[in-house]
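Chains as they are written, first to last, in the working numbering: chain E, 905 to 1007; chain A, 387 to 769; chain X, 6 to 148; chain L, 20 to 158.
The reader is advised that the hints may include incorrect statements.
What the hints assert, rightly or not - Derived DSSO-like pairs: lysine-lysine, alpha-carbon spacing no greater than 27 angstroms straight-line:
1. L:K151 - L:K28
2. X:K136 - X:K75
3. X:K75 - X:K47
4. X:K75 - A:K594
5. X:K136 - A:K594
6. E:K939 - L:K151
7. L:K29 - L:K66
8. L:K29 - E:K929
9. E:K997 - A:K439
10. X:K141 - A:K594
11. E:K997 - E:K939
No wet-lab data here; the hints were simulated from the structure.
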Amino acid sequence: MVKILPKVLANLLRKPFTVKYPYEKVEPADGYRGKPSITKEKCIRCWQCIRACPDRAISIDKETKTPVIWLGRCTYCGECAEACPTKTIVMTKNFEFLDQYEK
Amino acid sequence: MTMVIPIGPQHPALKEPEYFRFEVKGEEIVDVDIYFGYAHRGIEETFARRNYKHNIYLSERICGICNICHSTCYSMAVERVAGIEPPERAKYVRSLILELERIHSHLLWLAVAAHQIGFDTLFMLAMRDREHVMDMREIISGGRVHSATNAIGGVRRDVTREQVPKLLENLDKVERSVNYYINLFQTDRTIRSRCEGVGVLTREDAIKLCAVGPVARASGVKTDIRVDDPYAAYPNLSFEVITETDGDVMAKGMVRLREMVESVKMVRQILKEMPNGPLRVPVDLKIPPNEAVQRVEAPRGELLYYIRSNGSEIPERVRVRTPTYASAPSLKPMFVGGTVAEIPIVLWSLDVCFACNDRVTLVDANTGKARVVTMEELRRWRS
Amino acid sequence: MNSQEVADLIKADADEIRIISERCLFASSDKKRFLNILRSLKSSGVTHISTITALDNGKSIELIYHFDCKPALLNLKIFLPMDDLKVPTITDLFPGAILYERDIMEMIGVVVEGHPDPRRLFLPEDWPQGKYPLRKQKEEKKA
Amino acid sequence: MGLTTYFRKKSPWLLHFNSGGCNGCDIELLAALTPRYDVERFGVKLKGSPRHADILVVTGPVTKQTRERLIRVYEQMPEPKAVVALGSCPASGCVFHDCYNTLAPLDKHIPVAAYVPGCPPRPEAIIFALVKVLEGMGK
């Protein structure tokens, strides 16, 4: 009983380990591969991204003739950002997005 | 009267979505039969339809826990087929993430094993310490689980000098708690009474049934691909192969825990001795007809890739042999003769990702009526 | 045993031996003689079979047995013509091969004679008979 | 908002079903339950039986063998229920989209309330999704 007292005191005094996520923002580490973003103006229409994508998540938007990424199929690997010569596609740190179906 | 207890089939890893049928006589298990295939996705066939670069990401998604082993093994096999040698620094980065993966996988094993024997405090503690390793992986690879670090001919991401202090700091935390867990495992009454003498795999059975990895090492078989067939930076690293002689759950746990200490040492050595230089070499992915075999020591044992190329950008055949697939036949001698209450921990002692198997049906052999009990109920039966 | 020692051991029954490195070699044999190789491997202390790979190269079916001879890895190929897809079981010599043989039976349609447990392993129960996922069924795709 | 719905929102219980995925999402869901992220702050608990569960969390591309089990598990859950598809696999098949043994997407088999993209999603993203689903449940 006496043996555990120092542990109890140490646990009482230390900070909680849990992140307060929805109330406080959490920043992932540098270089985190989150949601890819597309700057449409920079695109030179070389379609390297489509060739690099391992699971065919990138297609061509018919109206603007720029790439669009199907986020439901993306593996967030960053191959398209690496292949893009003009940095049109970059990986952001954003991970808070979801698709909700309302009946 | 024998009863049949089916367990399954919710099961995650590649070819190990097992569905077990235990035949029990009272409390004693007489026979066990394993059904595979619930998570069979047909990956080997899909490998032969995509090009070499895209296949890296497919191989990574064979298993989420040991994804780096899969992608490293695949990339090294393709490099061997194409006859190219990755740069030295790339080899060290690969070894670094492979060892981090071993630590996080073994910590996950410890956590779930503690949960299976009803020691939930240890479950929470081990999962807490696992987060330090996940942070390190996120710093290095940019993703908590899937690393996407490997490329054919090297690696895509570097470990910069600014990242090293943070990594070493986390490593110290991990090492401290691993030493604590080793002490705990050897002295704690709950763990010892649940693990000692349970699920014994003898040395003869381990050799006969071709067990691999920690399962074989716990039975006294000295097998480790890092020594037998060195790859990446392992020829330059110093470590010892951990073996135990008892072959029970305790021995399997101790092998994994002591391996973590070795891995922590190895990560330190890698961070210290990492050479400078380029990260990847350019590769022509039109690979002439050739074939190669590559083996990697994954956290669960020997992982084997066989690749045959045919002159195009698409491989002719990729064969994957995962460690649990090899260890599955040795489940039978571990179970037979044991009791029903031992099922969860013995099954998990093989590290088969049993975490989400939570439902068991009892079929009475005489009446044929089925009754569903949960795993929680099974755990309590012993007391 | 390293590669050269394995090559010396199996030379009598193997056709073509290709040594890649000290730890890796490929050899080929045929259905009648490969059991002799297995017996001589077994008697010289090889116990570990890593896996069996089955592949369809268009003309015939190849089975590749990967043996871990500590440290050398022996990859033993046997060729089966399309009209005679039968191979004797090796589970009496290497009991660890039981799952791999079930795997090749359902994936490529090779009949393993004398297998103790010839059930399906991975494929769903409603999978059609006579259709194998790893076969290259070229005629079907054209039609 | 009825009283039952109010209390259900206070403590939704999860059932996790793996339909042949790679384990990545499963360990992230496990991580979300453990000290660092601790979804039990919102009363969320992982349950073993579908009869106790309010939210079904599905991971993995639906393989042919698991499809019937999945539908059976879904039917055993009491109303009102919601399905959360975790990761890219149930949404579209991800890298397994052209494998012969997968039947993705999930919404061909059971109705889905929310998709959490990511391969795998971070535990924070899982918390974010659960909070959003709970907001939607009361309406």
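Hint check results:
Restraint check for L:K151 and L:K28: the C-alpha separation of about 11 angstroms stays at or below 27 angstroms, so the hint holds. Proposed proximity of X:K136 and X:K75 is contradicted: the alpha carbons are some 38 angstroms apart, above 27 angstroms. In summary, the hint linking X:K75 to X:K47 is supported, as the alpha carbons are separated by about 13 angstroms, within the 27 angstroms threshold. Between X:K75 and A:K594 the CA atoms are separated by roughly 15 angstroms; this keeps the pair inside 27 angstroms, and the hint holds.
A hinted pair counts as satisfied when its Cα atoms are at most 27 angstroms apart, and X:K136 with A:K594 does not qualify at roughly 33 angstroms. Proximity of E:K939 to L:K151 is assessed by CA-CA distance (about 19 angstroms); at most 27 angstroms being required, the pair is judged to hold. For the given pair, L:K29 sits about 16 angstroms from L:K66 by alpha-carbon distance, which is consistent with the 27 angstroms threshold. At roughly 23 angstroms between alpha-carbon atoms, L:K29 and E:K929 fall within 27 angstroms of each other, so this suggested pair holds.
A distance of roughly 25 angstroms separates the Cα atoms of E:K997 and A:K439; the hinted pair therefore holds under the 27 angstroms criterion. Only pairs whose Cα atoms come within 27 angstroms are accepted, and X:K141 paired with A:K594 is rejected, the gap being roughly 35 angstroms. Using a Cα cut-off of 27 angstroms, the hinted pair E:K997 and E:K939 holds, with the two alpha carbons roughly 7 angstroms apart.
Checked against the numbered hints above, the structure breaks hints 2, 5, 10 and satisfies the rest.
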